[in-house]
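So the sequence lines, in the order shown, correspond to chains A and B.
Following the working numbering, the numbering of the first sequence begins with -5 at its first residue and continues without gaps.
Following the working numbering, the numbering of the second sequence begins with -10 at its first residue and continues without gaps.
Because the hints were derived from the structure by calculation, they are not lab data.
In this text, all values refer to a predicted model and were calculated from it rather than measured experimentally.
Incorrect hints may have been included.
[Unchecked claim] Here are the simulated BS3-like cross-link-like pairs (lysine-lysine), alpha carbons at most 30 angstroms apart as the crow flies:
id	chain 1	residue 1	chain 2	residue 2
1	B	K50	B	K38
2	B	K38	A	K51
3	B	K57	A	K38
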Amino acid sequence: NAGVTQTPKFRILKIGQSMTLQCAQDMNHNYMYWYRQDPGMGLKLIYYSVGAGITDKGEVPNGYNVSRSTTEDFPLRLELAAPSQTSVYFCASSYGPTGENIQYFGAGTRLSVL
Amino acid sequence: AQSVTQPDIHITVSEGASLELRCNYSYGATPYLFWYVQSPGQGLQLLLKYLSGDTLVQGIKGFEAEFKRSQSSFNLRKPSVHWSDAAEYFCAVGLTDSWGKFQFGAGTQVVVTP
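Extracted from the complex, chain A is given alone in its bound form (with noise of 0.2 angstroms):
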């Protein structure tokens, strides 16, 4: 049971350059979510999508763009890196509104921008 899966794990990225990172999930969930994750400060949400083709920004967008083409998958897009991206980012999906369904997590990709 694969669950959340993230790729890659960790990765380097010079300023300005661009970068996906992948998301899949194989539970069937409508709902899925990125986060960005930085020291003391918890989990911040950057885009979410209820269902193919349907996504919205949540609290933090600026500096990446997100697409879902299919249920399974929801990609996060950089497409000019700066140093202010250096973070960890966790896909989650959840079968039902967030309110009150459990959210599920990849294990995270760690992204250092230099």
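Let chain A serve as the given structure and place chain B on it in line with the hints.
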């Protein structure tokens, strides 16, 4: 504005001793409440949740939490800590007036000494 506060950034506890982690929230209505644990290099795992009903909630790994409406608190407890409980613990609030607004506290790092 809604907020989740974990007053203790870091706690050190001896193996076999009891543990209590504090969580306070600020929200106009009763939210859904969660505790997650993050082991080093791992994603977040749900320990327990409160949606309604009995205010004392049992979770996995021997943890329990008590919702106190009058104090806007949802403190996590464990009677006897094991070395494997060393991790970071996050309190989270799912807002009942929005499908997916979900706020995390900044986390409490727990260190277990022999």
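Hint-by-hint comparison with the structure:
Pair hint K50 (chain B) plus K38 (chain B) holds up; C-alpha atoms about 14 angstroms apart against a cutoff of 30 angstroms. Taking the CA atoms of K38 (chain B) and K51 (chain A), the gap is about 26 angstroms. The hint holds against a cut of 30 angstroms. For the proposed pair K57 (chain B) and K38 (chain A), the alpha carbon gap of about 26 angstroms is at most 30 angstroms, so the pair holds.
The structure meets every hint from the earlier list without exception.
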